[in-house]
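Based on the hints, put chain B in the right spot on chain A.
Residue numbers (this note's numbering), protein chains in the order written: chain A, 1 to 193; chain B, 194 to 668.
Because the hints were derived from the structure by calculation, they are not lab data.
Certain hints may be false.
Subject to a maximum C-alpha distance of 20 angstroms in a straight line, what follows is the list of computed EDC-like cross-link-like pairs (lysine to aspartate or glutamate) [said to hold, decoys possible]:
id, chain 1, residue 1, chain 2, residue 2
1, A, K143, A, D129
2, B, K496, B, E533
3, A, K143, B, D638
4, B, K211, A, E83
5, B, K211, A, E160
6, A, K143, B, E203
7, B, K211, B, D200
8, B, K496, B, D510
9, A, K181, A, D129
10, A, K181, B, E203
11, B, K442, B, E482
12, B, K211, B, E199
13, A, K143, B, E199
14, A, K143, A, E41
15, B, K442, B, E489
16, B, K496, B, D445
17, A, K181, B, E199
18, A, K143, A, E191
19, B, K211, A, D129
20, A, K181, B, D200
21, A, K181, A, E191
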Amino acid sequence: MQTAIIEAREDRVHEEVIRTSVGLVDAAVRGDRGAFERLVEPYLSVALGAARLITGNESDAGDAVQDALLASWQSLDDLRNPELFAAWFRKIVIRSSTRCVQRRRHLVEMDLESQDPAGAADSVEREFDRRQMARAFARLDPKDRVLLTLHHYWQLPVSESALLLGLPEGTVRSRVHHALKRLRAGFEAEERR
Amino acid sequence: MSQHFEDAVERMLHEVAKVDRSLLEEARGTIAALPNRRRSVARRMPRRVGFALAGAAIVVGVVAVSVLGPLQSRPIGTNSSSPTMATPPASPGASASAVPLPSAIRTGPAYNETLPVLLTGRYVAFAGWSPDSSRYAIASDGTRSPTIHLFDRSGAEVGSVAHEGLFEFAWLDANRFVVIASEASVNSAGPLAYLGRIGSTELTSVGQYDSLVGGRSGSVALARTGNGDPSVSTKHQYVVVAADGSVSKPRDGDPVAWSRDGSMLAVYHATALAPEPSGVEPPTLGSLEIVRPTGERVASTQKPSFANPGALAFSPDGARVAFTYDTAPLRGTPQIAVMEIRTGHVTMLPQSGPLTWASNDELLFAYTSTDYGKTPAGIMSWSAVTGRVTTYGRGDVVAASGLGTVVIGSDTAHDFTWTTTTGGSTRTGTFSLGYTMGFGTWIPDYPWSPDGSSLIITVGDWNNGTPMDAVLFRP
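Chain B on its own, in the form it takes in the complex:
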């Protein structure tokens, strides 16, 4: 990108960013009218030892945990022109620096349990559970390049992959995976997808793709926009990489999510309302199609009627699919739709929010009103049996395993509540993330393992530039 163009961009932004003086006065008036301060309930806690490691530009600080045992970390990231996979050190602990978590943080009398910390780093993000739940992957930012760390259930790091611009990962099975890496050079053709295997240093390119959708069955959908350059076309295509590594022919559409058993893939088909010769995406309305991995259509919405599709989740039995969407491409109101896959019937809910299936018939979602937070957020429940929406609990984070356990909480609150229902009996409890939550903290990922036995929660904290954690919950 030429410096000339970037200079012009800066001039344009400063021009557009000019606001009327009255707006500035309004903002000042807001300060004068602020309510009395309420004291935060969050306790001030000492920074974790791991955070100091992160601040010292080490790849990741790794925290010893009693449940999982000490994790191992090693310097990774060759920053070579082609991605390579790193294998674990021959002798455990050869290059590790396990750091014990201060006991004052690990236990708290007010909580049933404080979660063990899997990984602490300047940037940590969940990257995926393997289909058999035996392994998981967590991304972190290395000193020179992003790194995906691969762990088994004992907490041992079994491998890692590092490359400039690495930003997508999905498992094919417990040993093989797909990654997408984007070259940061100016003249790069675009992101490339690679197949990799634990224990091998080779990564095999499978072509130019800019996103992927991993599923619990092991199949991975790789998507690209047009000819692979997202800046020149609005047409989406995708291929399906099967668990055996074979790649299907390209099909039209934008893959969104797999069903739990991997037998169905939800695909969004966008219709441009104002086609353009090239450039940024025009406003679109779209339809949702449910297909088999082979491409055979199972169901679809009747006509293009959804804009900006967001979160999408199949019910555990695959009978329904719920997704968020806008009622119109311009100034639309976000809502939730639930489609019965057998009949194609769509039920509209007037609310919207991150959603998860607690059971085959109960959809939970974190509802935030559209009045800029003036109405408290809450967890809502929609019943497919009665069709009614009721309040489920307080918070803005809800994660259901689909196999009996529901965890709810908030990205600014300290404790979480879990409920497990099995065989007609219900157990409940609370746990702490082992970290002081408050404004500036957030929970970007909270995925259950496919077998419903474990939940990984990643935590970000923007106060003080502190890093993110990944913590593990086992009901």
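Isolated chain A (complex conformation):
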């Protein structure tokens, strides 16, 4: 009974979020910057995180997200289903980040010095050193970084990743699998250094 109440409450909250998003999109379409800010605020932090993973550094991540904000603001008319704003914005962020990488076309050199090594004490950290893994991740092809960002950072279902990337679901599964294999191989190479 308690579970049912909680689920019903969560459903209502979800519906409220959807209703609010639709209202905010309508207001933003009419030029209300405040509404746009409220609309994107819940997604800004993870958008920056994803952009950082894909572009490899904070500077490019900031540029990519600013680009995405400008693009989404200017093209709100094209969002035909306001309740899908989150997915639409995610797509724009991925696109901006990927374009950023394509323009720079360099292998990513992540600034790992700023990463907090505090977690190195736990058992998982001993087995899979985070910094070595981060280095291996930075050296992956940008497409692999996008795939792993979608699946293991944003944790999107395969169906949404497939839509976002314009790929069949089977292909997405296969490519994620191979991206993980490449990451593991790169990680093991880092370990042998």
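Positioned in the frame of chain A, the structure of chain B alone reads:
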């Protein structure tokens, strides 16, 4: 892949994704400084009937078109452990559900022509024209596995192939083809290439390969990294499958593109700057080599000096090859290089972008500046005669047949312009993709048929999770 490792990957990603708070504040500041909104010129149009089909988890919704006649679709995809080829139904329309395209979308007074839609589905991608231009292949995502649909010029589906992880296709001739399928299971050895034939349910494995390069002549180059597992080696090898199905011995290099007549293949040779015992690819510089299908070298760049080679296209007469590259493996600037195959002389252009040859002497490319879109994109023209780069038109999509017709447009604009030059006279016109373009739409493929008579344009739309279309243009 163990769950333990995947958990560690997630922890690492969340750690690396942490950004300084100031970056978040900067992003918020961007919102406050946004310019006044401009209204999109894109019209809001009703969703196509075909899209509803796609959303209903049907393999593909097929749209009837007046030019090609109604296309046929059938449920495909056995998801069996070995790929099989499906043959068309004995009686046309036995399992088809042709859907008429709403007339309001099909015609528009502002356009010369609205393109007929070949196929509508949740995912549609162009897969290849047959060398004689009589057939084409379009990939779509099935309910359980990706599917390649094979059509003839009348629009009739003549066959299809479906398999888990199917991701590459190329024609050998109008009846035979090569596909690559990747098993999604954890312990799979890697993708495999198969030979297939229309009318046969058998697909024959030709070995472990992870990519292919199809050409207009029918020869197909199959490539693999090292021993076939791209995660353990940086060395590339390839074989050439001839139109008769024979397979050459493996050669070193990474095949990039065939010349129009199939007599030459461009191959990239990467030199690792920091060799590693195994694992991900190290930074590389590389050289480009032009070889015959037999392996005989025709030309090559003098030394390894190109990083990250991208788009590559031979001029129609095969005298030149243009390609994009980076000036350095780290923090390089993308540029275009044009190599004279006879002399090996390379001309560098300071711009870069998707490229196509309008004629033997004129290269067109869609230039996007590197200032994050602040400078408008445009179609540029480079003349091999004068060596000058001039503005050709507006847009970011350019497709030249190499035989007189050029189509330009944008992946966010509604209309396209075509120009055909024959015998000194020029005709121009516009056409619509029959779909409201805008931000969130994009055009991943726009290949001309080898005979220059038809252009297929695939359209993706991310707004509303709508599917992709393939549309056909005939000048």
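K496(B) and E533(B) were given as a pair; does the straight-line alpha-carbon distance stay at or below 20 angstroms? holds, 15 angstroms
Would the hint linking K143(A) and E199(B) be met if the CA-CA limit is 20 angstroms? holds, 18 angstroms
K496(B) and D510(B) were given as a pair; does the straight-line alpha-carbon distance stay at or below 20 angstroms? Violated - the C-alpha atoms of D510(B) and K496(B) are around 25 angstroms apart, more than 20 angstroms.
Holds or violated: are the alpha carbons of K143(A) and E203(B) at most 20 angstroms from each other? Roughly 17 angstroms separates the two Cα atoms, so the pair holds.
Need the status of pair K143(A), D638(B): alpha-carbon distance at most 20 angstroms? Given that 20 angstroms is the threshold and the Cα spacing comes to 18 angstroms, the pair holds.
Holds or violated: K211(B) with E199(B), Cα cutoff 20 angstroms? Since the Cα atoms of K211(B) and E199(B) sit roughly 19 angstroms apart, the hinted pair holds (cutoff 20 angstroms).
Given the hinted pair K442(B) and E489(B), is their alpha-carbon gap at most 20 angstroms? Cα-Cα ~13 angstroms, so holds.
If you draw a straight line from the CA of K211(B) to the CA of E83(A), is it 20 angstroms or shorter? violated, 28 angstroms
Regarding the pair K181(A) and E191(A), is the alpha-carbon distance no greater than 20 angstroms? holds, 15 angstroms
Holds or violated: K181(A) to D200(B), with C-alpha atoms at most 20 angstroms apart: Within the cut-off at roughly 14 angstroms; holds.
Sort out whether D445(B) lies within 20 angstroms of K496(B), counting only the CA atoms. The given pair, whose Cα atoms are some 16 angstroms apart, holds under the 20 angstroms limit.
Can you confirm whether the C-alpha distance between K143(A) and E41(A) stays at or below 20 angstroms? Violated, because 27 angstroms separates the two Cα atoms, which is more than 20 angstroms.
Hints 1, 4, 5, 8, 14 and 18 from the list above are not met by this structure, while the remaining hints are.
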